[in-house]
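Make the full structure from the sequences, and use the hints.
So the chains spell out like this:
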Amino acid sequence: MLAFRPSLRPLVGVTIGLIAGFALAVILGSISPAGFKGMASSLVWVYTSPAPLIFTLTLLGPIACAAVGLTLAYRARFITIGSEGQILLGSIVTLWLIEYSDLNLHPTIAIPTSIVLGGFTGAFLGFVVGLLRVYVNANEILVSLMLNYVILYILNHLASGPWRVGAFAITRSVGEEYRLGPLAIVVTTVSLTLLCWVLLTRSKFGLAIKVYGRAPKVAETYGLNSKTIVLAVAMLSGFTSGVGGVLMMLGFQHNLSPMSVSPGYGYMGVLVSWLSANNPLVALLASWFFSSILVLGRSLQASGLPIGYVLAIQSIIVLSVMIARRLTSR
Amino acid sequence: MNTFLSIRDVRVVYPGGVIANDDVSLDIRRGEVLALLGENGAGKTTLIRVVAGLVKPVKGELVLDGVRFKPSSYRDALRNGIYMVPQMPQFFDGLTVLEDIMLTLRLAGRSINRGRLEARIADLEGLLGFKVNLSSHCWSLSIGEKQRVELLKALLLDSKMLMLDEPTTHMTPHEFNSFKGLLRGLAGEGRSVVFVTHKVYEALSVADRVAVMRKGRIVGVFQAGEVSEDILVKYMFGENGYHRVFTLKNYKEPVHVKGEPVLEVLDLWVKGPYGQIAVKGVSMIVRKGEVVGVAGITGNGQRELFEAIIGLRKPIKGRVVLNGEDVTGRDPAYRIRKGVAVIPEERVGWGLASGLTVVENIAFSLIPVNSSIGRFIVDWRKAREVAEEVVAMIDVKVHDLSATIDSLSGGNMQRLMIARELYKKPILIVAMNPTGGLDLQTSKIVRGMVVGSSKASAVLVISEDLEELLEISDRIYVMSNGVVKGVFEKPFNADYIIRAMVG
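Taken in sequence, the protein lines are chains B and X.
Just so we're aligned, residue 1 is where the first sequence starts under this note's numbering, counting upward by one.
Just so we're aligned, residue 1 is where the second sequence starts under this note's numbering, counting upward by one.
To be clear, the hints were calculated from the coordinates, so they are not data collected in a lab.
One thing to keep in mind: the hints can contain errors.
Said to hold, decoys possible - To be clear about the criterion: a stretch of chain B counts as covered by chain X if any three or more of its residues have a C-beta under 8 Å from a C-beta of chain X, and this derived list gives those stretches:
hint, segment
1, 191 to 204
2, 210 to 217
3, 220 to 232
Claimed, not checked - FRET-style restraints, in silico, Cβ to Cβ:
hint, chain 1, residue 1, chain 2, residue 2, range
4, B, 217, X, 56, 27 to 37 Å
5, X, 59, B, 77, 40 to 50 Å
6, X, 188, B, 77, 45 to 55 Å
7, B, 217, X, 188, 41 to 51 Å
8, B, 326, X, 129, 37 to 47 Å
9, B, 217, X, 377, 20 to 30 Å
10, B, 77, X, 330, 25 to 35 Å
11, X, 314, B, 11, 45 to 55 Å
12, B, 165, X, 355, 51 to 61 Å
13, X, 377, B, 175, 33 to 43 Å
14, X, 56, B, 77, 30 to 40 Å
15, X, 402, B, 326, 22 to 32 Å
16, B, 145, X, 314, 29 to 39 Å
Stated by the list, open to error - Here are a few chain B residues that sit away from chain X, every Cβ distance over 12 Å (derived from the structure):
hint, residue
17, 22
18, 139
19, 177
For glycine and all other residues, C-beta sits at the position ideal for the given N, C-alpha and C.
Dropping the structure here:
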């Protein structure tokens with residue numbers, strides 16, 4: 001029925017998703033002729049002007065870091081959605097290290113330290129989820145979702161209690177000298193992507209992941225340790241998501257408050273990973289696409305479109321890509 | 001005689017241009033058993049799938065009872081009194097057997113009262129001569145048990161025509177005899193029975209007529225009483241193939257020297273999937289240079305024994321000793337490193353990972369043995385070389401090593417899997433039903449591979465195919481109800497073995 005070349009399927013899905021999203025906006029009455037004009041000019045602006053292009057690369061950090069780690073987990077059929085909590089935790093420990101600890105580290109030390117610290121705390125969260133799955137067979141989707149809430153409420157508590165400054169529930173901001181520019185974010189993100197890609201396609205561990213994900217019984221029978229595989233992908237995806245949190249804090253968030261925090265970069269990572277068919281390189285590209293849609297959404301808010309609409313568009317795109325994949329895979 | 005279903009000029013072309021049925025015409029009569037005979041890939045299964053509404057022909061038509069019949073789905077076929085039992089019956093794993101039966105009845109449009117259904121099943125069980133545990137979950141059934149439930153369903157639906165795809169793969173000769181009687185009885189009641197098989201003697205002993213298929217065509221239809229085995233084999237394979245099969249017959253070299261014991265199983269007790277005790281105090285020895293067979297009817301503890309020997313299932317008592325070392329508490333990886341090769345019952349999903357390439361499917365099995373393909377990073381060039389060597393061990397053309405394993409036929413997958421295991425130069429080979437579902441020729445080749453490997457290794461074959469074990473084994477253990485009922489040395493007396501199997 002849909003006789004597209006396999007490589008074109010995602011693009012077809014994306015196009016259908018965009019059309020469907022646009023139709024949704026028209027149906028909901030959010031787009032008047034004037035609004036449509038504004039939308040078109042925003043679209044051109046987002047993909048041509050330097051400012052939004054740079055902002056896209058900045059926002060890319062947490063989405064891509066989460067997504068590339070998740071490709072490993074999903075290849076092993078470990079369906080965690082804990083990236084959201086891991087990102088938040090990564091940003092919390094970063095803020096703690098730089099602003100709320102008494103260490104007063106120099107930026108050249110503080111930044112790498114926070115990346116390592118954020119990564120390992122994310123990995124720890126993943127480890128907890130993996131452990132529960134391996135030893136008490138707890139469903140990783142539920143456990144990781146619950147943990148996301150735990151971290152979210154810890155954040156709310158910190159921002160409105162011990163770390164609060166002034167009248168509003170908002171923390172101190174990291175100093176200018178600690179902040180990361182787009183280049184540092186892109187370098188970190190690309191390194192993590194390459195790491196995941198090498199692990200998946202070049203390493204013995206990656207092969208074991210694929211075998212276990214496709215046929216757990218085959219893995220067990222031929223001596224590939226399923227517990228090790230699950231724990232490792234849980235921790236690796238936690239690590240990259242944690243680093244994503246560090247990039248979020250040092251790249252553009254700079255402080256924490258219950259109101260301003262993450263519109264769900266971790267969940268976007270989940271979507272992106274599915275969108276990319278769990279290929280880290282494609283996931284990087286798809287993250288950039290999602291990130292640009294976010295930037296587009298922010299500029300569209302000026303012409304009266306709510307940010308929720310942008311998130312809806314992202315979900316519709318993923319849905320249509322998955323449907324396109326299903327329809328063409330037989 | 002009166003025709004129930006008439007197949008006219010049916011042509012089926014699969015994606016990729018393979019012609020599975022090439023203008024096939026065949027009449028199926030009321031009250032007859034018709035054997036559809038042919039080797040794997042001859043198009044038998046495709047033909048009955050057309051009748052069952054599962055495959056749409058590009059050309060041709062079906063005439064049912066004089067009326068044109070175009071089944072658009074399996075449900076259509078069911079409602080018209082046609083029942084197909086596939087070679088690997090599909091069940092809803094999460095349901096109990098009774099629930100699964102009720103679901104099928106509902107699909108066929110029958111209203112059902114649970115109590116009456118159970119009573120009816122009990123009647124049929126008496127008639128069929130086997131019992132089915134209605135409250136067990138479908139996932140726990142063996143293939144043989146699933147086939148029995150399928151028969152039960154067909155009778156519950158009072159189907160007018162039964163099509164059975166290789167139903168005897170998992171039967172003992174004794175079971176086959178009663179099964180034969182059952183099919184004859186069904187035909188006697190005026191039903192039509194289509195019996196798909198690749199075994200010539202089965203076709204001749206059950207059927208009224210034998211239709212032989214080769215390469216998608218019907219090459220001959222014979223009255224069973226008027227044709228010899230020899231002629232049927234010639235029709236099945238064509239002249240050239242015929243010679244190949246019969247020169248392969250004497251490949252076995254007798255092994256007289258008994259080597260060191262490689263595998264010792266000592267008073268092994270193993271629990272099954274429900275927590276029932278499936279293996280009760282089994283002991284056996286397999287020496288280097290011999291093929292040891294484990295015979296028994298499906299579901300008598302063989303699977304649990306197999307899993308305990310390869311390390312997938314922890315025994316509750318007893319020991320597994322490999323080359324003098326107690327490996328009872330060790331995981332599969334350790335045993336593989338020590339030289340155990342595993343050939344499981346199901347190719348896809350247990351022996352090979354679907355969706356991965358041929359190279360990947362060979363490379364992963366080398367990870368625990370820690371060999372040449374790299375320490376942490378896989379040397380894919382080396383892995384490819386290994387894959388080429390493995391493929392070269394078997395006489396199979398694999399055009400593209402980067403294609404997924406699913407592109408190979410069942411027989412080629414099996415040979416590839418066995419070659420992969422033999423490549424590791426194991427000291428012990430543990431195989432379960434290594435020729436299940438393969439045709440005559442491929443089975444011969446696979447048996448040849450297994451027997452050939454016994455020069456350097458100890459070989460344990462757990463099989464439901466007694467004839468196969470009689471042919472390849474040096475010694476046969478018979479399992480029944482989790483216990484070793486007898487140990488038989490050559491020359492075998494099949495009657496005694498069968499008595500032990502059912503005893």
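Should the hint that residue 402 of chain X and residue 326 of chain B are 22 to 32 Å apart at their CB atoms be regarded as holding?
-> Holds, at about 24 Å.
For the range 40 to 50 Å, tell me whether the beta carbons of residue 59 of chain X and residue 77 of chain B fit it or not.
-> Given about 42 Å between the Cβ atoms, the range holds.
Residue 377 of chain X and residue 175 of chain B, beta-carbon distance inside 33 to 43 Å?
-> Hint holds: Cβ distance 41 Å, inside 33 to 43 Å.
Outcome of range test on Cβ distance (residue 314 of chain X, residue 11 of chain B; 45 to 55 Å) = For residue 11 of chain B against residue 314 of chain X, whose Cβ atoms are near 50 Å apart, the range 45 to 55 Å holds.
Does the no-contact call for residue 139 of chain B survive, Cβ to all of chain X over 12 Å?
-> Answer for residue 139 of chain B: holds, closest chain X Cβ roughly 16 Å.
Taking the beta carbons of residue 145 of chain B and residue 314 of chain X, is their distance inside 29 to 39 Å?
-> holds, 33 Å
For residue 326 of chain B and residue 129 of chain X, compare the CB-CB distance with the range 37 to 47 Å and indicate the outcome.
-> holds, 45 Å
Can the suggested window of 27 to 37 Å be confirmed for the beta-carbon pair residue 217 of chain B and residue 56 of chain X?
-> At roughly 34 Å between Cβ atoms, residue 56 of chain X and residue 217 of chain B fall inside 27 to 37 Å, so the hint holds.
Starting from the range 45 to 55 Å, see whether the pair residue 188 of chain X and residue 77 of chain B falls in it by beta-carbon distance.
-> holds, 51 Å
Cβ separation of residue 217 of chain B and residue 188 of chain X, checked against the hinted range 41 to 51 Å = Given range 41 to 51 Å: holds, Cβ gap about 43 Å.
At a Cβ distance under 8 Å, does chain X reach at least three residues of the segment 191 to 204 of chain B?
-> holds (count 4)
No chain X beta carbon within 12 Å of residue 177 of chain B's | holds, 38 Å
When the structure is compared with the earlier hints, no violation turns up for any of them.
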